[in-house]
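**Student:** The chain contents come next:
2 protein chains.
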Amino acid sequence: MPSTSVAEELAKKQREISVSEFFERNKQILGYDSPTKALLTAVKEGLDNSLDAASDADILPDVLVEVQKVDKDEFLVIIEDNGPGIVKREVPNVFGRLLYGSRFHSRRQSRGQQGLGISGAVMYGQVTTGKATKITSKVEEDDVAYQVELIIDTKRNLPSKVREDRVVWERVHGTRVEIPLKGRYVGGRQSIPEYLKATAIVNPHARITYKSPDGETIISERATEELPPKTKEIPPHPHGIELGTLMQMMKETKSYKLSTFLEEEFVRVSSRVAKEICEAASLDPDMKPKSLGLEQAKALHEAMQSSKLMAPPTDCLSPIGERLIKRGLKNVLGNLRPEFYAPPLTRDPSVYAGNPFQVEVGIVFGGDLPPDQPVEVLRFANRVPLMYQAGGCALTQAVANVDWRRYGMEQRGGQGLPFGPAIILVHMCSTKVPFTSEAKEAVASVDEIMTELDLALKECGRRLKTHLTKKAHRAKTKEKFDIVQLILPRIAEKSAKIVGKKVPVLDSTITKIMGVVWVDELIAYDKKAKRHTVTLNVHNFTSAGKKLNLHVLLPRGVSTSSMDPKPSEVREDGKITWELKRIDSVAKGSVTFTIDGLDEAEYDESEVYVSGINPVLVIGAEPLPGDWELNYHEFEGEEEAAPAAEEEEGEIDYDETEEALEDE
Amino acid sequence: MPSTSVAEELAKKQREISVSEFFERNKQILGYDSPTKALLTAVKEGLDNSLDAASDADILPDVLVEVQKVDKDEFLVIIEDNGPGIVKREVPNVFGRLLYGSRFHSRRQSRGQQGLGISGAVMYGQVTTGKATKITSKVEEDDVAYQVELIIDTKRNLPSKVREDRVVWERVHGTRVEIPLKGRYVGGRQSIPEYLKATAIVNPHARITYKSPDGETIISERATEELPPKTKEIPPHPHGIELGTLMQMMKETKSYKLSTFLEEEFVRVSSRVAKEICEAASLDPDMKPKSLGLEQAKALHEAMQSSKLMAPPTDCLSPIGERLIKRGLKNVLGNLRPEFYAPPLTRDPSVYAGNPFQVEVGIVFGGDLPPDQPVEVLRFANRVPLMYQAGGCALTQAVANVDWRRYGMEQRGGQGLPFGPAIILVHMCSTKVPFTSEAKEAVASVDEIMTELDLALKECGRRLKTHLTKKAHRAKTKEKFDIVQLILPRIAEKSAKIVGKKVPVLDSTITKIMGVVWVDELIAYDKKAKRHTVTLNVHNFTSAGKKLNLHVLLPRGVSTSSMDPKPSEVREDGKITWELKRIDSVAKGSVTFTIDGLDEAEYDESEVYVSGINPVLVIGAEPLPGDWELNYHEFEGEEEAAPAAEEEEGEIDYDETEEALEDE
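Residue numbers (the numbering used here), protein chains in the order written: chain A, 670 to 1333; chain B, 670 to 1333.
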């Protein structure tokens, strides 16, 4: 056929597609690819909204999640919260229109952003059951609630009310949504209870009640009464902002001067910085933003990118925090007893495309954890657990990209998920999480984010490695002790017989052979007082007296309630230093401190360092890292050699033993 | 603050978000998460459009893809095709509006569907460079082309023209788009050349010219001049249609009778079937579709689901086909020589949510392929290669779900990507591919699709396994031959000496000991004539004469050009049967046939079966599968025992050898 008629024919078919129609045909993009997943997604969207609403109003969330079985494959999902409620005129829009919401244009961390989630659930419900969703909402000063049943008119992407009414509701304020939908109810890792559990872990201030289809009720109580600090709205950070976006902003700005535009519409841009940027771009600070041409805009853009700027403020973000991560991991483990919690890590905030973000990582290792399967990766984004699309998620990818063999885990070819007895928790929070799809199941692999994740994971890996080495090291030396204690007396006896002398006393001899300074730790926990009592013993198993400094680095947010002896320095960042007085050969020195208010599992090992001594002599503590600069007496040269260092631990050097005997 | 004011405050913030704004802030959802990926995505979208346009107009596609480096991180992507062109009035809409297109409402296989792809690229371009996209298009009867430079007004999701013009263009008809964008140009697996190569493989009718930023030109010529059969538009299939969707259709239908509604708006519903469905739902076939209530609709819906219906017609789909899959794999391998191509498999079409779909799988194994890494999975959807999001894709997932250990590949714990020297190609085509996001990088795990994929992969696995077993089997017997030939003469000599007789002739003895019927295959290829000459030899190494039937199953779409001897049966599905005349002990029979028009690599092994003989006697051919029912003489009981079956091949039964000698 002649091509024109084709072109014309195609032209006739050309038309706009309403966003609802689009998602009606692409349910899977919103997370409704299977009945099983659909049920979880609906719950997720409802709960996200409830938690966001509560935090908007500084309310401690109290949410009911209920799933009722209506028919063999039809369910009713009910989410009810104690949030501020939604004003009557907005209810139909919020639930009956896609891409309609309040958070899209605000730069701050929240769960929902797109104005797609809950209306998507409503649409999936009507498409699969032909039924409407019922919403009940009450704001404080109304004495009755507003109730409406609606479906979405997908052709026009507008709510169409089936019934509306005013009803009496005992709640002072809050919202309740009841969505009928086709689903399948399953247990297991991706089940609703698991999802709620994971949510509770990272939202310890929320009270979540779950009523399952089989009528059982699970209540997860608050772990804390304090709200997480409310996140603030901020303007974009200049770093990573796109040129086109910048130009758009200049078109729309109300400021008359370029400098004020920069100052007012970007974070971390003081008037001084603004001037510097204009200068670097050789642009007049007083010129009208609207008047910039493409080339000038480009220059400005480059100047902004290369300008030294403070990292974005953290108050727009709400990370989980190291303490909660650890508690969370504890929670997940239930009664599994791991061997070691690598101290969790919360990186400082960074920026991608003008959006501040922060990553956090925690690792728990060993003990009862299954050794022969891939490590479990727990993913969270803006305090929301991610249950699906693990394979397509940057958080998983980052874990797979690390060579875990270097940190003591098994990993074929040094990439892919490592095998081993470990759980890795990864959280990414941002004013704008770049999800791979509207279902918000996976984070996209944005370069800046991958870099931060990589750094965090490797640091945690190192912490794990340190622990494992320390453990191996101690084992070795212990072994050596045993051997020496076993063999030496025999040698002594034999040689005594030969030379006809009486058997010598061996303590100091053994000491000399060991030639190590042994640091061990005892932690006692008093449940009632919620008090950890930590004792660090320093045994001098060398032949000379030793003087050294002991350093402890406390986890962020943890501080001591008492210390003995009084340390010579305590820093805000949790670094504590004791200058121990000389410990004689075969003698022992110790320090004790207490920590209050933590759960037992929250403190199970101290990060201990030493300085002022040849570190190779020391077992059970690491040499003080260089970045921890000192302001007191330096390393005193060791007169004696350090056998423990030169020889393979665990082996015995008989000549030395001989010598030792001759000394007697 | 009192909750109301919060509610009111939030209400004030509530607003609709334009679809362009949404994607402007969620570029990653359209596939623009990183500069590297952005470049590929833009090329992909442009090429998809060009190939779709060409097939709409039954034109053999001739597409130019050019990437120019403009600036350190700015590129210009140019796609020019010989398609029908776009009429002037529609150009701005097609390129300047999101969710605007011609294919969204048509149920047939095409690359583009959403009306998001190319306009998404335009938007990414303007956001990252501040520049407009230039489009030039010409339809046949215009003698000049229409040219426009435009950006998208994201607030309103409408095109805003920067410049438009009429220009002279040598092309009779076609479209050229030039998109400026921020990107990074890389090589490797996910590079543009790789993408184009993969595209050419599954679109052998397309001619694709690529000009790289470094100025080199790569042309991939057509492998065939024939267009793939044009896909037809079809109404939905009743199976899997959602209740809500059905009710919507009944609201909108123009038919006055339920029966006609079913007949006209669904595929595979004859008037008889329509009546049956109404009956099963106990509804009056003459009632108005609009008048059905929810309960009636439900009944109708259930009746539709449980009704026996033909599978959807295939003419709405365009699978790659077994021959092309094999050629494609060959292409990917370059000069790597694999050991074996498992015959590719194209499943019959199936349905999910009313959408017909089809899956195809091919496996190539061994040879030079790297043995010690995860198998490579090549993913395609509607003839488009999928380069990203492998981990989050149903096609990869399906491969990971199969226990490949059963098919001779290494796989820890029987799940995850197997390790081994193999490449697995998976293609899924449908009138509606359920992508996990608008970037169309991964297919969602829809149950029906997972099932089909699983069946296809396992079947290919079995084919691989069969090959490997056959290989092992032959090796074993070969070994036995060698040993017998080596040892028997010695025994003969020795025993001859002892009894003072002359050394006996051993051929028939060896034969008896082997007790097998050996089938081997010789394939000669004549490049000029493009002719495969296949010879199958049947050696009777048993002590009795043997009669048997030889069966060959040719790959779909392949037929013989000559056969000798004349077979006793040739079926359309490529099943050929020869009733061989009796072969005496130690004698040999053979059949020869030729195949014309295939590349050498396209035929390298025949699927050979035997019947009418105790299959355990046969090496080099499988027993005829049960489903290949026979209509000629059946299995003739074997009088003699079948040593090859009873004893472990390769070992020698000396008693038997003795007996054999006594026979002399």
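Honestly, the hints are just simulated from the structure, not real lab data.
Heads up, some of the hints might be wrong.
[To be verified] Distance windows between CB atoms, simulated: (1) B/Glu-818 / A/Met-956: 22 to 32 Å; (2) B/Val-831 / A/Arg-941: 31 to 41 Å; (3) A/Met-979 / B/Val-831: 36 to 46 Å; (4) B/Ser-975 / A/Val-831: 28 to 38 Å; (5) B/Ser-975 / A/Glu-810: 46 to 56 Å; (6) B/Arg-1074 / A/Thr-886: 50 to 60 Å.
[What the hints assert, rightly or not] No more than 35 Å apart at the CA atoms, straight line, and that leaves these computed lysine-lysine pairs for DSBU-like: (7) A/Lys-901 / B/Lys-682; (8) A/Lys-967 / B/Lys-999; (9) B/Lys-920 / A/Lys-741; (10) B/Lys-803 / A/Lys-757; (11) A/Lys-959 / B/Lys-830; (12) A/Lys-923 / A/Lys-959; (13) B/Lys-880 / A/Lys-967; (14) B/Lys-741 / A/Lys-944; (15) B/Lys-999 / A/Lys-830; (16) B/Lys-1134 / A/Lys-803; (17) A/Lys-757 / B/Lys-866; (18) A/Lys-920 / B/Lys-824; (19) B/Lys-682 / B/Lys-866; (20) A/Lys-1235 / A/Lys-1166; (21) A/Lys-967 / B/Lys-1171; (22) A/Lys-944 / B/Lys-899; (23) A/Lys-999 / A/Lys-1145; (24) B/Lys-803 / B/Lys-899; (25) B/Lys-999 / B/Lys-1199; (26) A/Lys-682 / B/Lys-944; (27) A/Lys-923 / B/Lys-1166; (28) B/Lys-824 / A/Lys-959; (29) A/Lys-681 / B/Lys-741; (30) B/Lys-866 / B/Lys-1235.
Treat the numbers as computed from the prediction; the structure is a model and nothing was measured.
Where is the CB? At the ideal position from N, CA and C, for every residue including glycine.
**Student:** Confirm or reject each hint.
**Tutor:** Structure-based check of each hint:
1. B/Glu-818 / A/Met-956: 22 to 32 Å: Between B/Glu-818 and A/Met-956, where Cβ atoms are some 26 Å apart, the hint holds.
2. B/Val-831 / A/Arg-941: 31 to 41 Å: holds (37 Å)
3. A/Met-979 / B/Val-831: 36 to 46 Å: Given a distance of about 38 Å, which is inside 36 to 46 Å, the answer is holds.
4. B/Ser-975 / A/Val-831: 28 to 38 Å: With Cβ atoms ~29 Å apart, the hint holds.
5. B/Ser-975 / A/Glu-810: 46 to 56 Å: Because 53 Å falls inside the window, the suggested range holds.
6. B/Arg-1074 / A/Thr-886: 50 to 60 Å: violated (44 Å)
7. A/Lys-901 / B/Lys-682: Given that 35 Å is the threshold and the Cα spacing comes to 15 Å, the pair holds.
8. A/Lys-967 / B/Lys-999: violated (47 Å)
9. B/Lys-920 / A/Lys-741: Holds: B/Lys-920 and A/Lys-741 sit about 26 Å apart, inside 35 Å.
10. B/Lys-803 / A/Lys-757: It is violated: about 47 Å lies between the C-alpha atoms, which goes past 35 Å.
11. A/Lys-959 / B/Lys-830: Holds - the C-alpha atoms of B/Lys-830 and A/Lys-959 are around 19 Å apart, at most 35 Å.
12. A/Lys-923 / A/Lys-959: holds (10 Å)
13. B/Lys-880 / A/Lys-967: holds (27 Å)
14. B/Lys-741 / A/Lys-944: holds (26 Å)
15. B/Lys-999 / A/Lys-830: Measuring from Cα to Cα gives roughly 59 Å; hence the hint is violated.
16. B/Lys-1134 / A/Lys-803: Outside the cut-off at roughly 56 Å; violated.
17. A/Lys-757 / B/Lys-866: violated (57 Å)
18. A/Lys-920 / B/Lys-824: Between A/Lys-920 and B/Lys-824 the Cα gap is close to 13 Å, so the pair holds against 35 Å.
19. B/Lys-682 / B/Lys-866: Distance of about 49 Å is beyond 35 Å: violated.
20. A/Lys-1235 / A/Lys-1166: Since the Cα atoms of A/Lys-1235 and A/Lys-1166 sit roughly 51 Å apart, the hinted pair is violated (cutoff 35 Å).
21. A/Lys-967 / B/Lys-1171: Cα-Cα ~102 Å, so violated.
22. A/Lys-944 / B/Lys-899: Answer violated: A/Lys-944 to B/Lys-899 is near 62 Å, above 35 Å.
23. A/Lys-999 / A/Lys-1145: Roughly 30 Å between the alpha carbons, so the hint for A/Lys-999 and A/Lys-1145 holds.
24. B/Lys-803 / B/Lys-899: Holds, at roughly 30 Å.
25. B/Lys-999 / B/Lys-1199: Given that 35 Å is the threshold and the Cα spacing comes to 17 Å, the pair holds.
26. A/Lys-682 / B/Lys-944: holds (33 Å)
27. A/Lys-923 / B/Lys-1166: Measuring from Cα to Cα gives roughly 116 Å; hence the hint is violated.
28. B/Lys-824 / A/Lys-959: holds (18 Å)
29. A/Lys-681 / B/Lys-741: violated (42 Å)
30. B/Lys-866 / B/Lys-1235: violated (43 Å)
When the structure is compared with the earlier hints, violations turn up for hints 6, 8, 10, 15, 16, 17, 19, 20, 21, 22, 27, 29, 30 and for no others.
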